[in-house]
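Going down the list, the protein sequences come from chains A and B. Residues 1 to 87 (UniProt numbering) are what the first sequence spells out, left to right. Residues 1 to 87 (UniProt numbering) are what the second sequence spells out, left to right.
Rather than coming from a laboratory, the hints here were simulated on the basis of the structure. There's no promise every hint is true.
The list treats identical chains as one, so a pair stands whether inside a single copy or across any two.
As the list claims (entries may be wrong) - In the EDC-like style, the derived pairs of lysine to aspartate or glutamate whose C-alpha atoms are separated by at most 20 angstroms in a straight line are:
no., residue 1, residue 2
1, K81, E70
2, K13, D59
3, K43, E2
4, K77, E60
There are 2 protein chains.
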Amino acid sequence: MESAISTLVTHFKTFAGKDGSSSTLSREEFRSLVASQLPTFVKNSSDPGVIDQLMGSLDENNDGELTFPEFWQLIGKLACKHGGFSQ
Amino acid sequence: MESAISTLVTHFKTFAGKDGSSSTLSREEFRSLVASQLPTFVKNSSDPGVIDQLMGSLDENNDGELTFPEFWQLIGKLACKHGGFSQ
Numbered sequence: 001m002e003s004a005i006s007t008l009v010t011h012f013k014t015f016a017g018k019d020g021s022s023s024t025l026s027r028e029e030f031r032s033l034v035a036s037q038l039p040t041f042v043k044n045s046s047d048p049g050v051i052d053q054l055m056g057s058l059d060e061n062n063d064g065e066l067t068f069p070e071f072w073q074l075i076g077k078l079a080c081k082h083g084g085f086s087q
Numbered sequence: 001m002e003s004a005i006s007t008l009v010t011h012f013k014t015f016a017g018k019d020g021s022s023s024t025l026s027r028e029e030f031r032s033l034v035a036s037q038l039p040t041f042v043k044n045s046s047d048p049g050v051i052d053q054l055m056g057s058l059d060e061n062n063d064g065e066l067t068f069p070e071f072w073q074l075i076g077k078l079a080c081k082h083g084g085f086s087q
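All chains should be built: construct the whole structure from the sequences, respecting the hints.
Encoded structure:
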C-alpha cells in the first residue's frame, strides 16, 4: 500500500510543480492530471465543464488552486465508486 | 494513478473480507492491515495503543468498524505526512 500512496503523492507533485508552486494544482494542472492519469475514472475529462464542476466541488477555499487534501477528496470519491462502496 | 487507486481498494477489500463483511474493517482486520501494509508510514503499529488511537480518530460513527471513507481519511493523513504537505 505504501508504494501506491507514494505513487499518488509523486504524481500530484509532478503536475503541481509545472507552474512553480508544487504544493497546489492550478486549474490547468488539474485538467492535465485528470486527462492523463484518470482517463477511465473521470469520464469526458476533455469537457471543460467536467473539470470546472470537479474543481468547484473540491476547491473548498475557492482560491482556484487545489491543495493536496482537497485533491485527496476527489481520489477518495473515485476510489469509493471504483470499489463499489457507498460514500 | 488509477492502478495505485485500485491497489488501495483491493487491499482494503482483502483485509476487510476476512470476517465475512468485506465492506468494513474490524479492529483486528485494521491492525493486521496496518502491520503488514503500512510498516513505515505507521510507527509502532504492534503497540495496541497506537491501533486504538488511530481507530478512535477514524471511526466517526464509533461502531467499531471502519468504512472505506473512514479508512481513506487515514491514508490521506499518511499521504500528506509522506508528501510533506500541511493537512
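Against the structure, the hints:
In this homomeric assembly, K81 and E70 come within 20 angstroms of each other (Cα to Cα) both inside a single copy, at 18 angstroms, and across copies, at 15 angstroms. Only within a single protomer do K13 and D59 lie at most 20 angstroms apart by alpha-carbon distance; the minimum there is 17 angstroms, versus 30 angstroms between protomers. Only between protomers do K43 and E2 lie at most 20 angstroms apart by alpha-carbon distance; the minimum there is 13 angstroms, versus 27 angstroms within a single protomer. In the homo-oligomer, the alpha carbons of K77 and E60 lie at most 20 angstroms apart both inside one protomer (15 angstroms) and across protomers (17 angstroms), since each shortest distance falls under that limit.
Comparing the model with each numbered hint stated earlier shows that all of them hold.
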